[in-house]
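Protein chains in written order, with the working numbering: chain A, 1 to 292; chain B, 1001 to 1232.
Just to be clear, a hint being listed does not mean it is correct.
[Unchecked claim] Computed list of lysine to aspartate or glutamate pairs in DMTMM-like fashion (alpha-carbon distance at most 20 Å, straight line):
#1 A:K189 with A:E93
#2 A:K165 with B:D1126
#3 A:K189 with B:E1074
#4 A:K88 with B:D1073
#5 B:K1016 with A:D91
#6 A:K165 with B:E1110
The hints are simulated quantities; they were obtained by calculation from the structure and are not laboratory data.
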Amino acid sequence: MLFEYAIVAGVLFGLFYSFLSIGLNLVFGVQRIVNLAHGDVIMIGGFASWELYYTYHLNPLISVVVVIPPTVLVGYIIYRLVIGPLSKAKDPEMLSLILFFGVSQILEALVTIFLGNNQRSIPDSSLISKPVQFLGQSYPGVWWIVAAASIPMMGLVLLYLYKTKLGTATRAIMADAVEAAAVGIDVRKVSAITFGVGLGITASVGAIAPFMLGGVDPSEGVNLTILAFAVIVIGSLGNIAGTVVGGIIFGLALELTQLYIPSWSSLIPYALLLIVLLVKPSGVLGRRLRSA
Amino acid sequence: MQKLVVEDLGVVLGGKEVLKSVSIQLQHIDIVGVVGANGAGKTTLLNALAGLIPVAQGRVYLDGNDVTHTSPDERLRRSISYVPDGSGVFSTLTVRENLILGGHIRQSTEIDSVLSLLPDLVDCLDRFAGSLTAFQRRQCAFGRALMSQPSLLMVDELSLGLSPISADALARLLPDIAAHGVAIIVVEQDIDRVLSLVDRAYVLESGTVTIEGTPGELLSSRGFVERYLWGS
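Make the full structure from the sequences, and use the hints.
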């Protein structure tokens, strides 16, 4: 029974991890750089959700949507003012990494200064107070709510990518930015929008992340960035559909190691990351979609 | 009026002068070839004409208008289209998406006229371009470029990675495309193939045009024959 529990919990957390990582992969796919401030954007989303809940009694599920527009706008402006011009530099990838590292440190410091370094949490009752019975086991209701919320949000990202003109242009840039320019796509504009969307979806997951992470605190950004990076590498860098698979594999690995070898649970998922890099560097879905 | 006039074009990449004082001309229905060894600057020339890299000196005139410093999308609007080397397709997009993206600058989603020229693509419209054969990918690249209804089409490395039969089949497309009023610049390694296709050819060596003329003139040039045809 414990095995079944771990599998179900692994899938529920896996969906959350996929949602948590999809923005990082979206930005990587277009920019070819890792947003080292990714986890801090999640943290900001978490604090925003906390603030909205305690100040305006806003349901965190509504905050999932509310935080998107301002973050998209901020992301678009940051891209236009800072990241876009960096692309003309001699080594834009390295400069961008340094930039995002700096942004990560600044965000953590600012939140600590203004809100303190204590962990904040939102009560489960703001979403659901009862546990959910499934296959004879009892699970926290918030796990199911967060996993259920993750599916349509990821679906929206996939709809954006596969059913809109902007999304098609985004995928063209992900495939080859130079050729995208050659067919007349405004690469800088589409990249700026995609960066904004990537940040928006990342802040969005932050709004419900406290329920899965036990709360939100200013220092959690680094660990979340590493977690998301592991998920997108396992699934396939630059492949959004791969992120969904990568998140579920990561969730299952984490839950199963916590069940059978709990002292190793913090290590095994990253060992999985190394195995994927050694055995299939393109990620679990990398080859199929790249050759498809 | 000439379709394209390139005057004294120079390109510097990474501090190195890759093109030096290149001048070429195209009539409205010409097929012009650019040949030369690897590293001679052929792809750089096409990239510069497509607006993908900046030029350091010289001018580019299209239909008498100076387009030297216009953006790639502006050149597409002015009917310059480009089939780059390699596959020339977005491998993670379907063939249909590739074609539609090719026409987006002109808001053109009508793919039937392109498919009539490239009928092999009809059965693979909903397949990812990365899953196609090399020949189909090249056809898809041609289709994508033709979707913008160009009056000047530039083709880099026409036969790269193709079997001789596939390369010949693709080469036979060029006169059909030209018959629709499209001027063509084609870069090709196979000298015999390119001379059988073009009205005029330019030989690039170390970024400079060293020989130019009609296929007949090139074949009567001792220097050209010694360097490019002996032993082939």
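Right, here's what the structure says about each hint:
no. : hint                : result
1   : A:K189 with A:E93   : holds (19 Å)
2   : A:K165 with B:D1126 : holds (16 Å)
3   : A:K189 with B:E1074 : holds (15 Å)
4   : A:K88 with B:D1073  : holds (19 Å)
5   : B:K1016 with A:D91  : holds (18 Å)
6   : A:K165 with B:E1110 : holds (15 Å)
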